[in-house]
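Asker: Sequence:
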Amino acid sequence: MAAKIGGSGGDKHTIEQTADINITPFIDILLVLMIIFMVAAPMATVSIRLDLPPAQPPSPDKPEKEPVYITIQENGQLFLSDKQTSIDNLATDVCTALGGGACQEERVFVRAQPEVKYSQFMEVMNKMQENGFFKVGLLNEDIE
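What the sequence shown shows, in our numbering, is residues 343 to 486, in sequence order.
By construction, these hints were calculated from the structure, which means they are not laboratory data. One should not assume that every hint holds.
[Said to hold, decoys possible] Distance condition first, Cα-Cα at most 25 Å in a straight line; then the derived SDA-like pairs of lysine to any residue:
1) K407 / T387
2) K404 / K459
3) K425 / P395
4) K407 / L392
5) K425 / Y411
6) K469 / Q419
7) K425 / P396
8) K459 / E416
[As the list claims (entries may be wrong)] Ranges of calculated distance between the beta carbons of each label pair, as one might list FRET restraints:
9) G474 / P396: 23 to 29 Å
10) P395 / E472: 24 to 30 Å
11) L480 / K425: 17 to 23 Å
Even for Gly, the Cβ is constructed at its ideal location relative to N, Cα and C.
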């Protein structure tokens, strides 16, 4: 609080109180906090180095292959696109559907109904990996 002695001189001395708030210390604290946060914010961010391959458009003379889908039904039946197959013949049927050659280098998609047991799903995934298919995509969509 500040006090002001009023009057134009003489014997009368009156003291009037003023209610002005000194905001200078408040502004000083805010500026110091702002500088601290500006310095600390870049250190708090996490950065991950990500090396992406350069984008290359597909060649126009090479036709796109149809993707191969392995569907697992809840009763354990396996379908390769629309053709029924078994777990033992899965790798050869996938290679045939991909056109032979270096079929392990092609991407294969696996989808399953929600009621399929985890063990059935993992049996298909393990069979694919045993036969060299490591580019396996998992689909999450409704099968009708």
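Asker: Indicate, hint by hint, whether the structure satisfies it.
Answerer: To see whether the hints hold, each was checked on the structure:
1. K407 / T387: Given that 25 Å is the threshold and the Cα spacing comes to 42 Å, the pair is violated.
2. K404 / K459: violated, 39 Å
3. K425 / P395: violated, 36 Å
4. K407 / L392: violated, 29 Å
5. K425 / Y411: holds, 10 Å
6. K469 / Q419: Roughly 15 Å between the alpha carbons, so the hint for K469 and Q419 holds.
7. K425 / P396: Not OK: K425 and P396 at ~37 Å, beyond 25 Å, violated.
8. K459 / E416: Holds: K459 and E416 sit about 8 Å apart, inside 25 Å.
9. G474 / P396: 23 to 29 Å: Given range 23 to 29 Å: holds, Cβ gap about 28 Å.
10. P395 / E472: 24 to 30 Å: holds, 28 Å
11. L480 / K425: 17 to 23 Å: holds, 21 Å
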